[in-house]
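Protein chains in written order, with this note's numbering: chain A, 1 to 319; chain B, 1001 to 1392.
Calculated directly from the structure, the hints in this document are not laboratory data. Errors might be hidden in some of the hints.
[Unchecked claim] Sample of chain A residues lacking proximity to chain B, with all beta carbon distances greater than 12 angstroms (derived):
(1) 56
(2) 179
(3) 210
(4) 213
(5) 221
[What the hints assert, rightly or not] On the chain B side, residues computed to face chain A include the following (Cβ under 7 angstroms):
(6) 1209
(7) 1210
(8) 1211
(9) 1214
(10) 1283
(11) 1290
(12) 1295
(13) 1299
(14) 1306
(15) 1310
(16) 1312
(17) 1313
Each residue gets a CB set at the ideal place from its N, CA and C atoms; glycine is no exception.
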Amino acid sequence: MIELIGVTKLFGGRAAVRDLHLTVPTGAFCALVGTSGCGKSTTLRMINKLLPHDGGQIHIDGQQISQFNEQTLRRRIGYAIQSTGLFPHWTVAANIGLVPNLLGWPKAKVQERTRELMALLGLDEGTFWHKYPSQLSGGQAQRVGVARALAADPDILLMDEPFGALDPITREHLQNEMLRIQSRLRKTVVFVTHDMDEALKLATHVGVMHEGRLVQLASPETLLRQPANGYVESLLGSQDRGLKLAGLKTLAEVVQPDDKWIGTAARGQTVLNLSDSARTALSAMLWSGQNCLPVRNEQGQLVGEVTLDQLCRLSESKA
Amino acid sequence: MSVKAQTNRVLLALPFAALAALWGLDFVSVQPNRIMPGTGQSLVAALGWPGALLLSGGVLAILLNAWRITSPRFWLTLALATLLLALLPLALHWAAQRHVPADQPIARIGLGAGFWALVFLLCLMIIEVLQRLRAGTHWRLLVMAVVLGSLFWFISTGRLDELALLREYQSRSRQFGTALRGHLMLVGGAVGVSLVMGFGLAVQILRRPSWQKPVLGVLSFFQTIPSLALFGLLIAPLSALSAQFPWLQQFGIRGIGWAPAVLALIGYSLLPMVRNTWVALDGVPAGVMEAARGMGMSPLQAFVRVRLPLAVPVVLEGVRITTIQAIGLTAVAALIGAGGFGTFIFQGLGQAANELILLGAIPTILLALLADMIFTALAALTAGYRKEVATS
Ligand SMILES: Nc1ncnc2c1ncn2[C@@H]1O[C@H](COP(=O)(O)OP(=O)(O)OP(=O)(O)O)[C@@H](O)[C@H]1O
Ligand SMILES: [Mg+2]
Chain A
1 MIELIGVTKL FGGRAAVRDL HLTVPTGAFC ALVGTSGCGK STTLRMINKL
51 LPHDGGQIHI DGQQISQFNE QTLRRRIGYA IQSTGLFPHW TVAANIGLVP
101 NLLGWPKAKV QERTRELMAL LGLDEGTFWH KYPSQLSGGQ AQRVGVARAL
151 AADPDILLMD EPFGALDPIT REHLQNEMLR IQSRLRKTVV FVTHDMDEAL
201 KLATHVGVMH EGRLVQLASP ETLLRQPANG YVESLLGSQD RGLKLAGLKT
251 LAEVVQPDDK WIGTAARGQT VLNLSDSART ALSAMLWSGQ NCLPVRNEQG
301 QLVGEVTLDQ LCRLSESKA
Chain B
1001 MSVKAQTNRV LLALPFAALA ALWGLDFVSV QPNRIMPGTG QSLVAALGWP
1051 GALLLSGGVL AILLNAWRIT SPRFWLTLAL ATLLLALLPL ALHWAAQRHV
1101 PADQPIARIG LGAGFWALVF LLCLMIIEVL QRLRAGTHWR LLVMAVVLGS
1151 LFWFISTGRL DELALLREYQ SRSRQFGTAL RGHLMLVGGA VGVSLVMGFG
1201 LAVQILRRPS WQKPVLGVLS FFQTIPSLAL FGLLIAPLSA LSAQFPWLQQ
1251 FGIRGIGWAP AVLALIGYSL LPMVRNTWVA LDGVPAGVME AARGMGMSPL
1301 QAFVRVRLPL AVPVVLEGVR ITTIQAIGLT AVAALIGAGG FGTFIFQGLG
1351 QAANELILLG AIPTILLALL ADMIFTALAA LTAGYRKEVA TS
């Protein structure tokens, strides 16, 4: 668990972060969102003591970080940044093994762990083990950056726009991987981004920052339904909030699977998956011109259908 | 590396000039002894018709090859020019055999204007071709190695003993060894000390950016003092010092000699050293350093394992520049009795003995070329991880 209690950071008298209260429970994925210069990176850097804080307290698992030795603390916290910060003169494998090596793991164990992580992030060992960062594409470099952050199996992961400079497709791909990894590893994550969609997609908690303050901290759904003020609303984009909300729901939450469907063949070409979002379902309906589409489960068996009415009621049901 | 087929004017003009120089100027001169002035020999007189035609033919081939030249034919020009340069010692050997009978151990061959012009123009051609081809450093090093290798082979096997230059060397071989040692020690000492001091200063500037202006300002000021003046300026204070503390003289610290020379050389060397080292250390991307610290490296680990190795290629570039500069300046330091190859240059100037001047000047130039080669190769080696990009 990470707790920031009334944290303030001054740069030459100007406050970059002001009286910030933020609690990230263990296993939560907290995204910090906000416009450029609102203090997201500064907040992140204070958590691993890259920047000292000028006021308030920061606790990790109940202990003040001022009590920790800097190096020990940082080796316990994974850190990934937009520029990746990979060491250009080290191979991919050496980069990933950095923290385990700093921690003095035996060589064989470091190698094994590096293999494991490369597999986890979809980096082919034979291709990438001996490559240098300059030989990687942006997406590959980001994967290595994330692998390096995860290397020593830290409980806490700090990520500063780790997918910032990527094209939309690669970015979405990495976001999906991140969801998959997080569902397996359950780290406590603080994730900085200025892309609201990314935050809504990945996070369990979204913290909206504005001029050094935390304006709202809420679950993605609450944020969409009840934005605290006009600033949050403008970040959400008031026009397509409905779509964003639909994007948070999977069809599994809408459709009651019914065994009577199993074995029947689908009419028409468009078939949805239980894991698809309500947003995808809406789009499919718009595209196919039908207001009722069949849905199948992971095994590819039809389990029900979803109607436009159901989808419309989804956004009505206010908490 | 593809080059459009078009006529290269530079590669037309240079061999044309080379041909004119070969046929219009003396190729070598023949002297019966050290004192008597030599008699100039034209190309044909020096080498005979076969040699003269061979040499001219090579240059002519380069000239013709420049017409509507393409990428593969640039390589041909490079090969031809390198080969010609590497064969020049052989031409001198032929000239010596024709003109210096074995029973005249003090007769000698001097290098003529035509010979020097050819060397100079061939070098320009090679530079032009290497630039056009955007050839990597290893090609430059290879050309240098071939030419210098051939030269040293001809010298070491005694095939060029009749050259006036080598006659001068033979009568001074012991002094030559002393001069070489002196030159290397002065350069090595000055570069070594300025590397250590420069590194310290660069690290200070990195940590305290406010130091940058004053430090670089003072060092730039040193650079503006003419070398002769700086050598001279140091004589008085060092004489006074050694008069005050006579035991200093035991270590050779006097108004003249190596002490003021080394001090002045260090003064000149510090600026390029500090500037390159600082730029190198400062140029390491901020993200990389942030990651190093953020991953839990100690400040020392981050410096030694990340910042330093990334800076080394650029630091070596600074060492290269400084060393070449120091090799040249050390030649001047002979004026205040510091030794080195400058001794021959100033003796030769005093005696109006051209070949003696060359005996000092040529090794100085060769040393500079050698230093250039070594440090260029080292820099390329330490930046290996970057080269991988180009080849993949
Ligand atoms: N080292 C520093 N020295 C002085 N001011 C700084 C420093 N780092 C950040 N700031 C200032 O603090 C404020 C917050 O910066 P921060 O980097 O946290 O913004 P951010 O939210 O991460 O923005 P972005 O989305 O552009 O990365 C900015 O006004 C910035 O200019
Ligand atoms: Mg930032």
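Against the structure, the hints:
The Cβ of residue 56/A sits about 21 angstroms from the closest Cβ of chain B, beyond the 12 angstroms cut-off, so the non-interface label holds. With a closest Cβ-Cβ approach of about 24 angstroms to chain B, residue 179/A is found to remain outside the 12 angstroms limit, as its non-interface label requires. With 12 angstroms as the threshold on Cβ separation, the claim that residue 210/A sits away from chain B holds: the shortest Cβ distance comes to roughly 25 angstroms. The claim that residue 213/A is not at the interface with chain B holds, since no C-beta of that chain comes within 12 angstroms of its own (minimum 25 angstroms).
The beta carbon of residue 221/A is kept farther than 12 angstroms from every beta carbon of chain B, the shortest such distance being approximately 32 angstroms. A cut of 7 angstroms between beta carbons decides the hint on residue 1209/B: the least distance to chain A is about 15 angstroms, and the hint is violated. The beta carbon of residue 1210/B comes no nearer than 16 angstroms to any beta carbon in chain A, farther than 7 angstroms, and the hint placing it at the interface is violated. The criterion of a C-beta within 7 angstroms of any C-beta in chain A is not met by residue 1211/B, whose closest approach is roughly 20 angstroms, and the hint is violated.
A least Cβ separation of about 23 angstroms between residue 1214/B and chain A goes past the 7 angstroms threshold, and the interface hint is therefore violated. With a cut of 7 angstroms, the hint placing residue 1283/B at the interface with chain A is violated, because the nearest CB-to-CB distance is about 12 angstroms. With a cut of 7 angstroms, the hint placing residue 1290/B at the interface with chain A holds, because the nearest CB-to-CB distance is about 6 angstroms. Because the beta carbon of residue 1295/B sits about 5 angstroms from the nearest beta carbon in chain A, less than 7 angstroms, this interface hint is met.
Among the interface hints, the one on residue 1299/B is violated; its C-beta lies about 9 angstroms from the nearest C-beta in chain A, farther than the 7 angstroms criterion. Satisfaction of the interface hint for residue 1306/B is found here, the shortest Cβ-Cβ separation to chain A being roughly 6 angstroms, below the 7 angstroms cut-off. For residue 1310/B, the interface hint holds, the least distance from its beta-carbon to any beta-carbon of chain A being 6 angstroms, beneath 7 angstroms. Hint status for residue 1312/B relative to chain A: violated, with the closest Cβ pair at about 9 angstroms, above 7 angstroms.
For residue 1313/B, the suggested interface contact is broken, since its CB lies about 10 angstroms from the closest CB of chain A, more than 7 angstroms.
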